[in-house]
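There are 2 protein chains.
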Amino acid sequence: MNHGNGRAAAVAEMRWNGWGDPAKAKDLPLAVRTLLPLLLGRIRKPEPGVRLEEVELAPSALDKSDVAVLATIVGAEHVSTDHDMRVRHSGGRSTPDLLRLRRRRQPAPDGVVLPRTHEEVAACLRAAVDLGIAVIPFGGGTSVVGALEPERGAHRAVISLDLRRLSGVLHVDEVSGEAVIAAGTTGPDAEAQLAVHGYELGHYPQSFRYATIGGFAAARSSGQNSAGNGRFDAMVIGIRVATPTGDVELGRSPGSAAGPDLIRVFLGSEGAFGVITEVRVRVHPIPRERVLESWTFPDFASGAEGVRRVAQGGGGPTVIRLSDEAETAVSLAQVGRIGKALSKGASAVTVYEGEGIAQRRAKVSGLLRAVGGTSTGEGASEEWLSGRFDGPYLRDSLLTAGVFCETLETATTWSNIAALKTAVESALRDGFAEVGARSYVMCHVSHVYPTGASLYFTVLAGIRDDPLAVWSRVKAGTNDAIIASGGTISHHHAVGRDHAPWLEDEIGSTGVRILRAIKRELDPAGVLNPGALIPTERDD
Amino acid sequence: MNHGNGRAAAVAEMRWNGWGDPAKAKDLPLAVRTLLPLLLGRIRKPEPGVRLEEVELAPSALDKSDVAVLATIVGAEHVSTDHDMRVRHSGGRSTPDLLRLRRRRQPAPDGVVLPRTHEEVAACLRAAVDLGIAVIPFGGGTSVVGALEPERGAHRAVISLDLRRLSGVLHVDEVSGEAVIAAGTTGPDAEAQLAVHGYELGHYPQSFRYATIGGFAAARSSGQNSAGNGRFDAMVIGIRVATPTGDVELGRSPGSAAGPDLIRVFLGSEGAFGVITEVRVRVHPIPRERVLESWTFPDFASGAEGVRRVAQGGGGPTVIRLSDEAETAVSLAQVGRIGKALSKGASAVTVYEGEGIAQRRAKVSGLLRAVGGTSTGEGASEEWLSGRFDGPYLRDSLLTAGVFCETLETATTWSNIAALKTAVESALRDGFAEVGARSYVMCHVSHVYPTGASLYFTVLAGIRDDPLAVWSRVKAGTNDAIIASGGTISHHHAVGRDHAPWLEDEIGSTGVRILRAIKRELDPAGVLNPGALIPTERDD
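Protein chains in written order, with this note's numbering: chain A, 1 to 540; chain B, 1001 to 1540.
Hints listed in this document are in silico derivations from the structure and should not be mistaken for laboratory results.
One or more of the hints may lead you astray.
Covered stretches of chain B, going by a simulated chain A footprint (3 or more residues, C-beta under 8 Å) [to be verified]:
{"no.": "1", "segment": "1119-1126"}
{"no.": "2", "segment": "1308-1318"}
{"no.": "3", "segment": "1409-1423"}
{"no.": "4", "segment": "1444-1457"}
DSBU-like mimics (lysine-lysine), calculated; alpha carbons at most 35 Å apart, straight line [what the hints assert, rightly or not]:
{"no.": "5", "chain 1": "B", "residue 1": "K1519", "chain 2": "B", "residue 2": "K1026"}
{"no.": "6", "chain 1": "A", "residue 1": "K363", "chain 2": "B", "residue 2": "K1363"}
{"no.": "7", "chain 1": "B", "residue 1": "K1519", "chain 2": "A", "residue 2": "K519"}
{"no.": "8", "chain 1": "A", "residue 1": "K24", "chain 2": "A", "residue 2": "K344"}
Distance ranges between label pairs, derived from CB positions [to be verified]:
{"no.": "9", "chain 1": "B", "residue 1": "A1012", "chain 2": "A", "residue 2": "V196", "range": "51 to 61 Å"}
{"no.": "10", "chain 1": "B", "residue 1": "D1299", "chain 2": "A", "residue 2": "H197", "range": "22 to 32 Å"}
{"no.": "11", "chain 1": "B", "residue 1": "E1355", "chain 2": "A", "residue 2": "R516", "range": "40 to 50 Å"}
{"no.": "12", "chain 1": "A", "residue 1": "H197", "chain 2": "B", "residue 2": "G1366", "range": "17 to 27 Å"}
{"no.": "13", "chain 1": "B", "residue 1": "G1486", "chain 2": "A", "residue 2": "E54", "range": "50 to 60 Å"}
{"no.": "14", "chain 1": "A", "residue 1": "S375", "chain 2": "B", "residue 2": "A1358", "range": "55 to 65 Å"}
{"no.": "15", "chain 1": "B", "residue 1": "G1314", "chain 2": "A", "residue 2": "D21", "range": "34 to 44 Å"}
{"no.": "16", "chain 1": "B", "residue 1": "S1375", "chain 2": "A", "residue 2": "D21", "range": "32 to 42 Å"}
Beta carbons are placed, not taken as given, at the ideal position from N, Cα and C, and that holds for glycine.
Can you build the whole structure from these sequences, using the hints too?
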C-alpha cells in the first residue's frame, strides 16, 4: 500500500482507535487524576476496548467485478477490501467515533480506493455511478461531525475514496504569492514543501498534523493563526473539483465580479457535490520573528471586551485566544495538563508573527490594559504553543479513564457573545444533569472577526451508562440552544451527519433547496457522501 | 411618485439620457478640445440626440388587469406605464446605453413598479409568475454591462422593479460594528444615515452617488477604498432575498462552517435568482484623519512592482491607484481634465484613512521608493479625490463632441499583469484600426490584492460611422483577448447581458450548469432578469 509522499516520515500513521501517534499516548497526569473526582464525582473506569483484530465487520459488499473495475482505474494495489484498511476508514475522530471504535461489531466501508490523480478521481466517480456504489471522500480522517460515516444511502455498497496519494505542492508562483497544492497533502507536508521556497500557508487547526488541504477546503476549516492569516476560506483563490458529471476549475483572478463566486459552493460542500483535487492558496513569506505574550483579566466579560476591541482595531496579533474562568482554572485545553495553574479570572494567549510586531503589540497592549488586562509574560503562551496540537491525546486518556470528554463550537456577533455562551453552558449542564451526571464546561474564544467571534466549548462529564446515547441527547439539546440563541451550528467543525438535522434552521428551507438543486445537478445518482451536509428529506 | 427617503435632497435625479445631475453637465475644456485631434485625428460631431418627449416606445404590453393586480400589492400610485418613467428605466449607463438613448425609437419596459417592503417585493414576484411577466430589478440604474435591458424572454411583458422605496439604514449594532440597510438605499443616503451613529460603510465606487446597497451586492461592486476597506463582497455579512419560490435570510454569524456560504450565491446573482431586499454590512467608525500622497514612477512596470509590494506587505493605504503612462499623460480619468499635466512616466495616488497613518505611510513610502518612486506631494491626489465621481460627466461631453469613450476592466495575478495589459491594449487598438479609427488607450490599477490586481481601461476613439456596431465588435475581440490571456471577464462591472457569452469561458460548462440549476430551483418560470448573467443555452 502506498502511503503517500513522505507522510509517514513526517507524522506517524494515526492510531486506529484514537488520536494521532500511538507513541504519544500517555496516562493522565497525577494532578488531573486528583482533580477529576472533585469536579465530576466518582468515575467508573469502563471496559477496555477491543483490539483491531477483534473488530467484526460485515463482509464487503464489493464483488470481484467491482474491484476489477476500480483496479483498472487506480491499479490493483490501490483497491483494498482488507479488514484493517476498512476499520481505519470507518469514521472520523469525534468522541462518538472513539467510543464506537471500542466496540466489537462496527460499520465500515466495503472497500478503500486510493486514486493518484484528478483524472483517476473523476474516473472513480463515474465508475461508482455505473456500479451503483456510494463514495465517501477521505482526507486526513479527522472529521468530528460524522462526515466520514460509511453511509451507503440507496446504493448497494460504499467505498472510502482515500486521497492521500494526491499529494504535494504542485506549483508556486512567488511573484503572486500563491501555490497550487494537491488535495490529499497533509498540513505538515504542505508547509514543509512551501518552506523550501521560503513560504508559509499558515493554517494551523488542531487537526493540522493529519488533516489535508482538500479537507480544510471541503469543511471550511479555521486555524489557530486565523486572527493574522484568516480562516481557510480566505486563503483559497482557486479550486479544482471532480464531480460525477463533469470537472470544475474555478478562480481565474483574485478579484472578480463574473457572477457568484462558485468557489464558495465547494468550500463547505463536504464531499457532497464533488471531490476537491487541487486547491490554489495564498501563501506568504515565512515570518522571521515571533513574539508571545500572555494576559490575565478579571473575568471573561472584560477579556471578551478587550478581544473585541483588538479585532475591531485591526492590525493585531496573529493568534489571540481567550479562555474563560473555567478553562483558565484547569488550563486543560491550553496545555494538556489539569491543575497546573488554578488561577482566578480569565486568561489569554497572544502570538505575533510577521512585520511591525512592536507597533502591533503596543497597540494591542493598550487596548487590553484599558479593559483591566494584565500582561503575565511569555510562559503560558509558550506552553500553549508547544502543546497546541496535543489536546486530542488527553481526550483519549480521559475516555480510557471513564471520563466523557468532547468539544463543540459556534460563533455569533459580539453583541450576542455573552448570551450565547450562557445558553450553551446551560444546555450542556442541564442535559447531563438530567441523567444524573456531573459535568464541567470550559470555553474559549479563538477566532475573532470585526463583527463577532467563535465560542469553543470543552465538556467533561461523569457518565455512568451508555455515554453514546447520553451525549446524543445532550448534543441535540445544545444544538437547539445554539439555534435558539442566534449562533451558527458550526464555526469550523462543519456539518457532516451530526449537524445536518439543524442545517435547515440555519439556512432556511430555501437555502436547503439551493443545496439540493446543486447536488441533483452535479451528482444526480447521489453517490457522493449520502446523508452528509444536506439534511435527509422528510418525505424520504 | 415617491422618490425615496431624502434621495432627492442629497442627489439630483439622474439625467434621462446621460450621467448624473443635469446641472453638472459641462462642455469639454479647451485643453481637451485641443488635444483630441492630436490623439484621434479629425472628429466628426454627431447629430444631436432626441429630446425625452421625442422618444418613441412600443405601447405597453401591460393590460388594465395586470396593472390592477400590481396596484393591489404596491398601491396604484406606485405602478406606472408613463412614457418618461419607462424611458428612465430602459437600461443602464454604458456607452452603448447612452448612444441608444440618442435614438428616436427605443426599447423600454412595459411598466415600472415600486414596492416599499420585502413582502411587497415577494408578492410582486409571485404576481409576475402568475401573470407571465418578466421582472428586471432596478436599483440605481448605473449598470454598464446591460443588466437592465428590458428583455422579456419567453414572457408577454416585462416590468422594471424599482427598489428606491426600500430605503434606509434599518438597524445599527454598534457593539458588533454592523448595520442592516434596505437594498434600495443609495450610497450617499446610507453614509449619511450611518454618520448619525458615527459610522461609515466606506464603499465608494464611481457610481456611488446613484448606485444602491442592493446593487453593490447583486453586482459584486468594488469601491475606490478597497485597499483599506475591501470589496463590497467582504463587507456583506448577511442578506435577505425574495425569490419567486421563497424567501432567503442568510448570515447568522460572522464565521461559519455550516455548509457552503450561500450569501455568495446571491452576491453576483444580478437579479437572476431573486431580489435582494436587505443587506447586513460591516461598518467602522468614521476615520478621523486623512492623508494624501501622490507618487511618480519611471514607468508602469516599476509602479506596478511597487503597488504589488504594498499589497503583499499589508497594512498599507486605504486607496492606492496607479495610472499608466498614457493615463498619466492626459490625467483624464483622474481629474476629469485632459492636458493638464503632460508628465512622463506613471503616477499613483495614495490615500490613508484611519489609525496608524504615520507608520503605514512610512512603510509604504519605503516600498515605493525602493522601486524608483518619487513622492510628488498632495496635489494630484487632492484633484483625484475631488473629482473622483465625475468621470462619467466627461464621457457625456466627449460623446456629444463625437469622441467614442468607454471603459472596461479585468483582473489577474501579479505575475500575469503585464501580459494581460498588453493583450487588452492590442485588442482595443487593433479592433479600432480595423475600421480605420484611431484610438487612445489608458489604464490604471485601482484594486489590489495580495495575489493580484485589477486593470481598468479607458479608451477614446474617433469612430466615423455606427459606433454601436464598431464597439460591439471591438469589445467582443477584447473579451476574447481577456479570456485567452488569463484575465477575468469582469473585476467589478459584473456580467449583465454584455459579458454573458463569455461566462462559460470563465467558469466552465459545469459552472454554468450550477448557475442554471440554482435558477431553475428558485425561479422555475424564469421571470427574473431573463438573459442576464446566465448565458442563453445554445439549443434554445
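Numbers of unmet hints, in rising order = Violated hints (numbers, rising): 1, 5, 14, 16; every other hint is consistent with the structure.
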